[in-house]
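Could you build the full structure based on these sequences and the hints that come with them?
These protein sequences, in sequence, are chains A and B.
Going by the numbering used here, the first sequence wraps up at 149, each residue one higher than the last.
Going by the numbering used here, the second sequence wraps up at 165, each residue one higher than the last.
Any given hint could be a false lead.
No farther apart than 27 Å at their CA atoms in a straight line, the calculated lysine-lysine pairs in the DSSO-like style are these [said to hold, decoys possible]: (1) B:K70 - B:K83; (2) A:K132 - B:K83; (3) A:K132 - B:K70.
Simulated from the structure, these hints should not be mistaken for lab results.
Listed below are the residues making up each chain.
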Amino acid sequence: MNNVDAVQTALGTEHAALWTYGMVSAFLGNQAAAVAEGANAHRARRDTTERWLRDKGATPNPPAAAYLPPSPVSDGPSALAALVAVEQDTCAAWRGVLERTDEAALRTSALDALTTAAVRATRWRKAAGTTPASITMPGVASG
Amino acid sequence: MISESVSRRRVLFAVAAAPLAVACTAEPPTPPPPDPLSALAAQARADAALAKTLTTVPAAAEIAKARETHAGLLQAEVDRERPPLSSTAPPAPTTPPTPPDPLAALRTALDDAVRDASAVVAQLPTYRAGLVGSVAAGCASLREVLA
Chain A
7 MNNVDAVQTA
17 LGTEHAALWT
27 YGMVSAFLGN
37 QAAAVAEGAN
47 AHRARRDTTE
57 RWLRDKGATP
67 NPPAAAYLPP
77 SPVSDGPSAL
87 AALVAVEQDT
97 CAAWRGVLER
107 TDEAALRTSA
117 LDALTTAAVR
127 ATRWRKAAGT
137 TPASITMPGV
147 ASG
Chain B
19 MISESVSRRR
29 VLFAVAAAPL
39 AVACTAEPPT
49 PPPPDPLSAL
59 AAQARADAAL
69 AKTLTTVPAA
79 AEIAKARETH
89 AGLLQAEVDR
99 ERPPLSSTAP
109 PAPTTPPTPP
119 DPLAALRTAL
129 DDAVRDASAV
139 VAQLPTYRAG
149 LVGSVAAGCA
159 SLREVLA
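Following this line, the structure appears as structure tokens:
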């Protein structure tokens, strides 16, 4: 996988995250501000990622019509679980970019995406009462 | 005949020994610069030691455990690239005195850890960038627990 493929994968997780934030918002009315903040962050990241791909002469992969959360979302707790899952997927994809690029600007952007997704995943785990709330090695399958 | 064979042997010996003599008299190579991951591993060990003393902070045990994991992963990468000469473990950090405001001390330590690991990522080869990137993100995650 070269760095363009890795960035396409990361773009795919950003599309999935954006879709998930939209889908769960109905179940997390009491956390509307945090949900909106997460959605905005993923939208901004999606836009910069698409721009990076176009600058490289690549066509950004379009979003899918729908995404399948790891478990069905029907209430607040399952909505939080879907957000944690999608943020952790995002962490893994951006770590993958870090492992495949020497380009300073892309590396800075990938690290920022990995870090901010890890912080949001932690926030949602805290909200869900998951212990430990922290993720020791974000972006690593076991972490 | 005998003298000729001895002289040939001498010539061969001299040819063979010449690079050896050069190798022996050459300047010793300058030691490589310290591994940047070594400092991050030491920082992780110090954070774990600090967190262990802060029994009043609810998340301290979680932070100590995570920072010990970071220290182990970073030290393993340091030792893989530059195997230690002896098998002695790095010295355990001395127990720091309990700071007046434990929570603030832990927050500052984690902020420093995020900043230092993030700064190192820029200068690493790709195969190490992922590891240190995850450590930086892991410290940001721990910091969020204390938020």
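These are the hints, each one checked on the structure:
1. B:K70 - B:K83: 9 Å, holds
2. A:K132 - B:K83: 18 Å, holds
3. A:K132 - B:K70: Holds, because 22 Å separates the two Cα atoms, which is no more than 27 Å.
The earlier numbered hints are all upheld by this structure, with none contradicted.
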